[in-house]
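Chemist: Here are the chains, one letter per residue:
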Amino acid sequence: MAIDRLLKDEATEEKGERARMSSFVGGMAIADLVKTTLGPKGMDKILQSTGRGQNVTVTNDGATILKSLHIDNPAAKVLVDISKVQDDEVGDGTTSVVVLAGELLREAEKLTMTKIHPMTIIAGYRMASECARDVLLQKAMDNKMDNEKFKSDLTNIAMTTLCSKILSQDKEHFAKLAVDAVLRLKGSTNLESIQIIKKPGGSLMDSFLDDGFILDKKIGVGQPRRIDNANILVANTAMDTDKVKIYGARVRVDSMSKVAQIDAAEKDKMKEKVQKIISHGINCFVNRQLIYNYPEELFADAGILAIEHADFDGIERLALVTGGEIASTFDNPESVKLGHCKLIEEIMIGEDKLIRFSGVKMGQACTIVLRGASVHMLDEAERSLHDALCVLSQTMNDSRIVYGGGWPEMVMAKEVDALARKTPGKKSHAIEAFSRALQSIPITIADNAGLDSAELISQLRAEHHKEKTTSGIDVITGGVGDMEKLGICESFKVKQAVLLSATEAAEMILRVGEIITCAPRQRDDTM
Amino acid sequence: MALAFDEYGRPFIIIKEQGQKSRIRGLEAQKTNINAGIAVSRILRSSLGPKGMDKMLQSPDGELTITNDGATILEQMDVDNQIAKLMVELSRSQDYEIGDGTTGVVVLAGALLEQAEKLLERGIHPIRVAEGYETASGVAVNHLEHISQKYDFSASEIESLVQTCMTTLSSKIVNRCKRMLAEIAVNAVLAVADLERKDVNLDLIKVEGKVGGKLEDTELIKGIIIDKDMSHPQMPKWIDDAKIAILTCPFEPPKPKTKHKVDIDTVEKFQTLRDQEQKYFDDMVQQCKDVGATLVICQWGFDDEANHLLMHRNLPAVRWVGGVELELIAIATGGRIVPRFQELTTEKLGKAGIVREKSFGTTKERMLYIEKCANSKAVTIFIRGGNKMVIEETKRSIHDALCVARNLIRNNSIVYGGGSAEIACAIAVESAADKHPGVEQYAIRSFAEALESIPMALAENSGLPSIETVTAVKSQQIKENNPFYGIDCNDVGTNDMQKQNVFETLIGKQQQMLLATQVVKMILKIDDVISPSDF
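Sequences listed follow chains G and Y, in order. Its first residue numbered 1, the first sequence is counted upward by one per residue in UniProt numbering. Its first residue numbered 1, the second sequence is counted upward by one per residue in UniProt numbering.
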């Protein structure tokens, strides 16, 4: 007797082979989607949002592409998730992780076709990934001790990261920007103190690093345009009408004259507040909230530069940079820490006026001003620079590096292959497959560059069979090149994260034996 | 059908709107119900054991869960059938009571139902089947007690506990680092356990997860982690020997609950009100400062002004901390939750050795660690992992492991896993059946057969020839009179579970059998299903 309904209407259930097939297909589709963006000659994607304005994004950042997709396939969601985590955690390698996971699934599919149980494949993958990680650990280089060399490592990493992006034309310039900015942080990974300001106009080469702090705001009318030796009070307080916060308070008067009196009292109150602020002995006042005309006028009278409506990040960064504290009450001026800087001035970038605070107390912060032909270009440039900064700041902590250009993959593949030969049992097929999946990364890089991947890979493999080699794919000349000479480096942390999360995700998808999709929640379409 | 006649022979309707109700009764009803139950257990069957597969579940909102925890699968499955819902309840109650074995209980219930169907077809009355099952389950539970072993452990000798937790974890995705996680779970449980009273309050163990890093980075923190940061960006990020004021009142002017209005009609009043307001903030901060607090943790938000005053007086503060976390902090630091500023005293402050803020990854996510607390009886397990799904699944696995460790502390008897206990019980029940006269004998024998379906499923999932393996193990058990032979799922080479170190808790197993029997009895007793029919 058939059971009529176990699950709710519209809920679907996929079992065994079908479930596995659907997750393989989903995973591989996602991997294929971003595959073409891998490597220095990877292509970009245009993403058009369905929202209002149909915003267009041009990018080659894996995480950005995947984030904007609307995906229904559950396995694909897992891949999108790992890419996002990779972005949050190390900042780069977002495409590689998805491509590797996709390849692992593709290999797994072939194995299941030959009737090898997924659990066996998982066991093999696990052994392989352990082995690959050990190799990576052995081969990683650490130049932390040698300052000169470390810096050149950093520049190389930055260039490698940037060369796959839109900034590749000016990668030396940007690599230098990024390294300078990160070196200022002195080992902290707090990227907040690096501010990126985008201004359309000019060319990418006009981008520059400013060692001060630039606030994208205008100076109030009638206030000084330039202040030397500024004392800055950073505040977060209401500078419109100071509301009475006691609950239930309201003004009720019975004559016009009283209205005027209250009005005057309010004004007095504001004036008093401004006086208090002025008595801190400052000549610049930056507030997070609005400053109304009346207090602004008072500030102008006192010759104080008042900047209103600096956003939350701006204010925190400014406080950080100038060493002041964010104040909200002004009753005891002697104990409030003021911020200091040598010079505040209004500068022009393109057509916009910005305020620059230079000669600040803390050397950590800096601002990178990006210039470029279009908004899309700037957005992409910002993303690329962000990637580079993330990788660099992570490398500052964990200074181990590996070569790029498919070198680490080939090294790992070789060891994993050797392991496969030593392992008895069905697992060895899976280990072998893992090695093939690793090799698919250099293959993809070569393919994307329009090179003969089959030829290149075989050359590369032969090269790697020798004891010690540093060769990888050189997409510029289109052959096998020495990665050490070419200076193509990647951060060890990124590679390790790629390896581990790709294996984890593939394992997770492989373990699935059944997919149950609940009925989608009914939504009112009346909105 | 629903028509009856009163004493004058006039017809009247018992069930209203009978056209809109569908009704099945008698044997048909029982069979439909049994089928539904079997269908549910069949879904879970493939998740059983260390080689069981996971299920991917997509919720109505598109959220994804990947798990092989029986209770979670059933809960997320959104079943519609009433009997299927009973099975869901069954798994849930095993989860609440024991925390582990949620898949096994459903598979067992399914097997019992399958056997019951055969008996019904032979014309045995459902009640007799139910009674037979009841007797059989009694025999099985007693036999479990008989073959169980006491396991000794103390706070320093945790190896046996770790082994048991590892058995639980080996069926989950985290089995890559099961040893480490098992140790974490055991240490966490021992940290909060009351060994005298043999009780563990699992509420004191907080399981917190954060994506990023790898599973190996998971750690046990003897303290509390909260997913919050200091209310003011410039407050210190590291406090030694913190004295914590735990507040449930906002740093805001009071809001009396009664409706009131303050009328301002003169300038003087306006000004006094203003002074009053400033005084409020000042007083509040002063009160905290006076009792010697060096950190304020508050359930509510702060006004900008209060925030600055706190900062100014060098009093770091955390805002918007949830109620549960607040309680945990209070327990851990030995402080009291204070609902009013006036009631703040030095004795009510909590104490912690180190309070620090730690940031993760490239995004500006920070968490607050409260460590070296006065009372170490509150710990946090902090899970890291590659993606959200792994973290969620790890959380569930850790929960299972914690429950197992707790059960062992409550009752340190164990039975061996790998289906060995089920086979041993099956043998015992079978021999009991022969001594039982009457129709029930058949039911008892069926119960034994149903018990065997668990090792059968284990063998199937491990890719072993199921019938061959199970019969071999069974004959071995009888021949050598040793109840420790089970299914060798991991291909270790021996099927002596004692050597393989595969344990389960006695109460967990007993509960499984009792609960499964109960639910099956309940389903068998239903002979009439009335439900609103579809339109």
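Because the hints were derived from the structure by calculation, they are not lab data. Check the hints yourself; a few may be wrong.
What the hints assert, rightly or not - In silico EDC-like pairs for lysine to aspartate or glutamate, Cα to Cα no more than 20 Å straight-line:
| hint | chain 1 | residue 1 | chain 2 | residue 2 |
| --- | --- | --- | --- | --- |
| 1 | Y | 388 | Y | 75 |
| 2 | Y | 388 | G | 134 |
| 3 | Y | 214 | G | 134 |
| 4 | G | 67 | Y | 61 |
| 5 | G | 258 | Y | 268 |
| 6 | G | 84 | Y | 263 |
| 7 | G | 149 | G | 172 |
| 8 | G | 485 | G | 134 |
| 9 | G | 258 | Y | 263 |
| 10 | Y | 210 | G | 134 |
| 11 | Y | 228 | G | 88 |
| 12 | Y | 395 | G | 379 |
| 13 | G | 276 | Y | 304 |
| 14 | G | 258 | Y | 265 |
| 15 | Y | 372 | Y | 327 |
Chemist: With reference to the structure, classify each hint as holding or not holding.
Modeler: Results for each hint:
1. Y:388 to Y:75: Holds, because 19 Å separates the two Cα atoms, which is no more than 20 Å.
2. Y:388 to G:134: violated (26 Å)
3. Y:214 to G:134: Within the cut-off at roughly 15 Å; holds.
4. G:67 to Y:61: holds (17 Å)
5. G:258 to Y:268: holds (11 Å)
6. G:84 to Y:263: violated (55 Å)
7. G:149 to G:172: holds (17 Å)
8. G:485 to G:134: violated (25 Å)
9. G:258 to Y:263: Status holds; Cα separation ~13 Å.
10. Y:210 to G:134: This hinted pair is violated, its Cα atoms lying about 25 Å apart.
11. Y:228 to G:88: holds (18 Å)
12. Y:395 to G:379: violated (38 Å)
13. G:276 to Y:304: Holds, because 17 Å separates the two Cα atoms, which is no more than 20 Å.
14. G:258 to Y:265: Answer holds: residue 258 (chain G) to residue 265 (chain Y) is near 7 Å, not above 20 Å.
15. Y:372 to Y:327: holds (17 Å)
This entry does not satisfy hints 2, 6, 8, 10, 12, going by the numbered hints stated previously.
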